[in-house]
Amino acid sequence: MSESKIIDACNTYCPGPLMELITYMKQAKVGDTLELLSTDNGTANDVPEWINKVGHEMVSSEKVGEVWHLKVRKTK
Amino acid sequence: MSQKIQIVCVSGTREKLQMAAMIASVAAATGDEVTVFFSMNALPYFIKGHVEDAPAEGEFGALLTQKGVPPFKQLFRQAAELGDAKLLPCSMAIDLLNITQDELDPEFGPPTGLTHFLSDAEGGQLLTF
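As they're listed, the protein sequences go chains C and A.
Counting along the first sequence from 1, when you hit position 59 you're at 67 in the numbering used here, and nothing is skipped either side.
Counting along the second sequence from 1, when you hit position 95 you're at 290 in the numbering used here, and nothing is skipped either side.
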């Protein structure tokens, strides 16, 4: 059963949110979805780059108010 | 494609240590083969129990501590834990400081001489801070 988890990395700057995501990604199981919350605009560009390079799946990316919601799925 | 990145840290200023740690952590967590070689003023921050913060070189260094930027020591630790980055103390610096590997933070590898470091660095990119 795949799980869904929210990681709140608001108010920390590059590369804080990305490193938070990577930490949880290592612990997650294949198929799990992680949603990273970040107020750092650079992170919104950096996360899709990282996901693409490492080979996971970018599910969605949207900014709600001041907060980026970056949803990713672990694929391997 | 993963690449080989060698980082040399010699400066003890906050901005330089921060930038080196940012590159090391992101590159290592992305699958690059990262080695960080610490010497001169950069090494003493990694002696166990060292609490003094690195002095800011300019205005940006002050911003780093006011805002929620992850501290450089945490980023180097994550580089080692999440991305298997090698953190190596310069053997000459170890000798001059009169310390042993056991006195450094646990992520640190063995004291490494320049000959060894340079032969490992062959074919990779070398960045100096």
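Each hint should be verified, as a subset may be incorrect.
With a cut-off of at most 20 Å between alpha-carbon atoms, the simulated PhoX-like pairs for lysine-lysine come out as follows [what the hints assert, rightly or not]:
(1) C:K34 <-> C:K71
(2) C:K84 <-> C:K71
(3) C:K37 <-> C:K71
(4) A:K199 <-> C:K61
(5) A:K262 <-> A:K211
(6) A:K281 <-> C:K34
So, partial list: chain A residues that the calculated Cβ filter (under 10 Å) puts toward chain C [unchecked claim]:
(7) Q269
(8) Q273
(9) L277
These stretches of chain C come out as covered by chain A in the derived footprint (C-beta under 8 Å, 3 or more residues) [unchecked claim]:
(10) 17–31
(11) 57–66
Because the hints were derived from the structure by calculation, they are not lab data.
All C-beta atoms, glycine included, are put in the ideal place defined by N, C-alpha and C.
Evaluation of the provided hints:
Between K34 (chain C) and K71 (chain C), the direct Cα distance comes to roughly 25 Å. Violation of the 20 Å bound is thereby established for this hinted pair. Using a Cα cut-off of 20 Å, the hinted pair K84 (chain C) and K71 (chain C) is violated, with the two alpha carbons roughly 27 Å apart. This hinted pair does not check out: K37 (chain C) and K71 (chain C) have alpha carbons roughly 26 Å apart, beyond 20 Å. With a C-alpha separation of about 15 Å, the suggested pair K199 (chain A) and K61 (chain C) falls inside the 20 Å cut-off, and the hint holds.
Restraint check: the Cα-Cα separation between K262 (chain A) and K211 (chain A) comes to about 17 Å, which is no more than 20 Å; the hinted pair holds. The suggested pairing of K281 (chain A) with K34 (chain C) holds, with an alpha-carbon distance near 19 Å, which does not exceed 20 Å. Given hint, Q269 (chain A) at the interface with chain C, holds; its Cβ is 8 Å from that chain's nearest Cβ, closer than 10 Å. The beta carbon of Q273 (chain A) is positioned within 10 Å of a beta carbon in chain C (closest approach about 5 Å), and the interface hint is therefore held.
At about 6 Å, the closest approach between the beta carbon of L277 (chain A) and any beta carbon in chain C falls short of 10 Å, and the interface hint on this residue holds. Residues of the segment 17–31 of chain C with a Cβ under 8 Å from some Cβ of chain A number 10, which satisfies the need for three, so the listed coverage holds. Evaluation of the coverage hint for the segment 57–66 of chain C: fulfilled, as 3 residues show C-beta separations to chain A shorter than 8 Å, against a requirement of three.
When the structure is compared with the earlier hints, violations turn up for hints 1, 2, 3 and for no others.
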